[in-house]
Amino acid sequence: MSEINVDLLVIGGGPGGYTAAIRASQLGLEVALAEKAELGGVCLNWGCIPTKSLLHTADVYREIAAADHLGLELGKPKFNLKKVVKRSRDVAAQLSGGIAHLMKKNKITVLNGEAVFQDKNTVTVGGDTVVADNVIIATGASARNLPHIQTDGDRVWDARSAMTPTFMPKKLLIIGAGAIGVEFASFYATMGAKVTLVEVMEQILPAEDTEIAALAKAAFEQQGIEVLTGTAVDSVEKSGKGLKASVAGETRAFDAAILSVGVAGNVDDLGLETVGVNVDRGFVTVDSKQQTSVPGIYAIGDVAGVPCLAHKASHEGVIAVESIAGLAPHPLNPARIPGCTYSHPQVASIGLKERDAGDREIRVGRFPLLANGKAVAISDTDGLVKTIFDAQSGELLGAHMIGPGVTEMIQGFAVAIGLETTEQELMETIFPHPTLSEAMHESVLSAYGRTINF
Amino acid sequence: MPREIYLVKVGMSMTEGMVSEWYIPDGGAVKKGELVYALETEKVNLDVDAEADGIVKHIAEVGVNLKPGDVVGHIFEAGEEIPDDFGGAPAAAAPVEEKQAAPAPVATPAAAPAAVSSQAEDGHIKSSPAARRLARELGIDFRSVAGSGPGGRVVEADILAASEGGASVAAASGPEPKASPLAKRLAAERGIDLRTVRGTGPGGRIVQADLDSAGAGAAAPAARPAAASVAGPKPGERIPVKGMRKTIASRMHHSLMESAQLTMDMEVLMDDAVKMRTSLVEEWAPEGIKPTYTDLVIKAVAKALRTHPLMNSQFMGDEIVLMDEVHVGMAVALPEGLVVPVVRDADLLSVKELARESSRLAAAARDGTLGLDDYAGGTFTVTALGMYGVDSFTPIINEPQSGIMGVNRIYDGLEWDGDTPVRAKKMNLSLTWDHRTLDGAPAADFLVEVKKLLESPFRLLV
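Residue numbers (numbering that gives the first Met the number 0), protein chains in the order written: chain S, 0 to 453; chain G, 0 to 461.
Isolated chain S (complex conformation):
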């Protein structure tokens, strides 16, 4: 039992929380960070990072399976699921350890335990009491269940179970085709499962551009994934060793199911009601400085609302800390948050979608990877780069990409949008040849009727 006095307490050690803590330390604040599980949060331990490890395995597996086409004679590849999963866990553990080191290096006091507000400046963390001038809530979010379908960790999986499988299901049902559902679909399908991907909305990846989502659906179907949009799963029941699910009125058998229908903010058991922090539909409400309804209490990342993305959380963490330190950070601009899905093909996007343009006059550029030399050379031509400009001012408003490497390329458009670039600067930028990124250039040219290679 001890009392700790600090300038700032951060509750939650995910990508938002630990970034906020480090930035605060850089600005000379005394910082404590409370974490009830592992440093790095869901992202690092049970989300972004371990799934990227699994998807990398799947990518290599897919390429080796097609090695014949590249002139390589390797025979039929096999995988050891236990090792695949272990590597994924090792990667997470390694990075989580790295965070611990960063905390030490930045002289941040890490407290293990559940944080509960006693009053606006007093928070108990396990047996410790922290008195802080400011508090940042960075508790993240948890996977939602459906009223009629609950995960059980056995055959009905949440993301956590889905990334630590003990067997490879022959027939897998995935409920929800957001980024998480789609990534698991891509992983399991590549590893040999017969995947049925069900989405209640009319398109998979509902947050993405309609045209791009349609291309993704076509690509998945070509890979043998069954994609059902505008479809609800009415029930999932145990049946012998497997599951019986009612999909669009039809009863079908599966070995396992993954429930990936979104997340809800972790707002319970924090004592938020004690201090009067406003919560709306499962997320803490904040202003443009990330401050909650209670002065001195801030919220960042998933718990502060959608989109639930690690890089949004980190950015908000910096905004909150710089506000606390009396700097004048720029508020987060939602139109400048890129989003990535690491399936095969990959999807990446930023900014305005064509369907959201409304009355605004836009110019749209399109360039298919089929016409990109590098894509042909690596035999991965399934893709499109789409760019959206303001017809009047030439401002780059949005970019939507599908295909190999697009998650690494979207930052180019993010920088361009951040700098308020017009078509002219992009046209005059020299893209290296031969690269996939040339498709970005060509897409811009295409928006103005000047494309060269298509």
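It cannot be assumed that every hint is accurate.
[Claimed, not checked] If you anchor each label on the Cβ, the simulated ranges turn out as follows:
no.: 1; chain 1: S; residue 1: THR128; chain 2: G; residue 2: ASP390; range: 44 to 50 Å
no.: 2; chain 1: S; residue 1: ALA206; chain 2: G; residue 2: LYS177; range: 30 to 36 Å
no.: 3; chain 1: G; residue 1: THR14; chain 2: S; residue 2: SER287; range: 53 to 59 Å
no.: 4; chain 1: S; residue 1: GLU407; chain 2: G; residue 2: LYS274; range: 41 to 47 Å
no.: 5; chain 1: G; residue 1: LYS451; chain 2: S; residue 2: GLY295; range: 36 to 42 Å
no.: 6; chain 1: G; residue 1: LYS451; chain 2: S; residue 2: ASN144; range: 55 to 61 Å
no.: 7; chain 1: G; residue 1: ALA208; chain 2: S; residue 2: ALA66; range: 49 to 55 Å
no.: 8; chain 1: G; residue 1: GLU281; chain 2: S; residue 2: ALA206; range: 23 to 29 Å
no.: 9; chain 1: G; residue 1: GLU282; chain 2: S; residue 2: PRO330; range: 17 to 23 Å
no.: 10; chain 1: S; residue 1: GLN391; chain 2: G; residue 2: LYS177; range: 56 to 62 Å
no.: 11; chain 1: G; residue 1: LYS451; chain 2: S; residue 2: ASP118; range: 32 to 38 Å
Just so you know, these hints were derived from the structure itself, not from any lab. For every residue, glycine included, the Cβ atom is placed at its ideal position computed from N, Cα and C.
The hints should help you fit chain G onto chain S, whose structure is shown.
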């Protein structure tokens, strides 16, 4: 044939007027564009300039009431024979009464002559579409380029020359501020000088949002390039003092010579005004109404003038005339010089009506379409230099008014919350008043009232 000089009709409501002064003596030579006589009506004093070169012969006597359209004199071409018995005063519309002989209790706008004769011509810069397009492409403000085409029209070649030699553009030189490509493009299209815009992007970089606030933010004229950025003045050149410049020069000098004017500054806490304006901007956006800070100041001034009638008065030598109505002039900077259109009955207008009216006046001033009614009858003036980052200045009274309010920059200042310094939006007001009319204490009292209104801005809405 001699050319007739008419009694100019200014405004729909003008029924009579008089020549209050002949600037060119009978038989004197005049050049086109030079001031020839001073017109005085119930509402407005106005200088009228000559429409041709020649010799002026008077018909109308000074101080005799006439109807608009009456011939007050002639201009004979050089060499043209002038009959000895030419002219003769027409019948006076009404005998001039003692009271009317006093100068009409209204201010003469500095820009009035331009409105009569040259404003329409000079109000916008003639340029070819190709020139504007090239200027846009090269990032050159075509307004800053001297035109060599017909009638001084800016043509493509001028833009090219400017981009190569930079001679005429160089007049507006100064370090180019950091700005996003989009901001640069939009500034060029909207004719905004980036040096007059404050950047709020990373590292003070000018971004799109800053242009939007410059366009309708601190004050309407912010969207207009400063006079200094317009082509023309080059080192070594001699600029004849005539027309608008001459009027401004003589009026400003006269004001300083005749009155006992002095200025005081007062700090105003603008946090609430900033918040209110931001929410009003949002709320009225669908109607296309964007209130500026200057609008809020005009409203506050108008309200305060109601309770401080001495500030809304005119010093007439042996008496101080307290005005019935509150008509607030707003100074608008144009490349050619300053104009002061008037927001009539500013105390009676809601903030929304006032914002609509002031933006109409500012737009009309820029387009050169202000009617003379728009100039007439100001009883107090508001002038803003805040958009240039000015924190204090000594505005000159627009005679015969008794006060003028200078609006300065809004900046991040400090306030004390107990022992803790906290950030606060602040702005100085610079009030110039005529000590002949009222002393420092009542002037300060007025200034305090304006300050209080701006610090509790909801009072402006009721």
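Given the hint of 55 to 61 Å, check if LYS451 of chain G and ASN144 of chain S actually sit that far apart at their C-beta atoms.
-> Taking Cβ atoms as reference, LYS451 of chain G and ASN144 of chain S lie about 57 Å apart, which means the hint holds.
Should the hint that LYS451 of chain G and GLY295 of chain S are 36 to 42 Å apart at their CB atoms be regarded as holding?
-> For GLY295 of chain S against LYS451 of chain G, whose Cβ atoms are near 31 Å apart, the range 36 to 42 Å is violated.
GLU407 of chain S and LYS274 of chain G, beta-carbon distance inside 41 to 47 Å?
-> Given about 43 Å between the Cβ atoms, the range holds.
Pairwise beta carbon distance, THR128 of chain S to ASP390 of chain G, judged against the given window 44 to 50 Å = Distance hint for THR128 of chain S, ASP390 of chain G holds at roughly 48 Å.
Given the hint of 30 to 36 Å, check if ALA206 of chain S and LYS177 of chain G actually sit that far apart at their C-beta atoms.
-> This hint holds: roughly 34 Å between Cβ atoms.
Can you let me know if the beta-carbon spacing of ALA208 of chain G and ALA66 of chain S is within 49 to 55 Å?
-> 52 Å, holds
Take a look at whether the Cβ-Cβ distance between GLU281 of chain G and ALA206 of chain S falls inside 23 to 29 Å.
-> 27 Å, holds
Honestly, do GLN391 of chain S and LYS177 of chain G meet the 56 to 62 Å range at C-beta?
-> Violated, at about 23 Å.
Could you check the hint for me, namely that GLU282 of chain G and PRO330 of chain S are 17 to 23 Å apart, CB to CB?
-> Given a distance of about 20 Å, which is inside 17 to 23 Å, the answer is holds.
Is it true that the C-beta distance of LYS451 of chain G to ASP118 of chain S lies inside 32 to 38 Å, as the hint says?
-> Between LYS451 of chain G and ASP118 of chain S, where Cβ atoms are some 37 Å apart, the hint holds.
Do the Cβ positions of THR14 of chain G and SER287 of chain S conform to the proposed distance bound of 53 to 59 Å?
-> 57 Å, holds
The structure is inconsistent with the numbered hints 5 and 10, although it conforms to all the rest.
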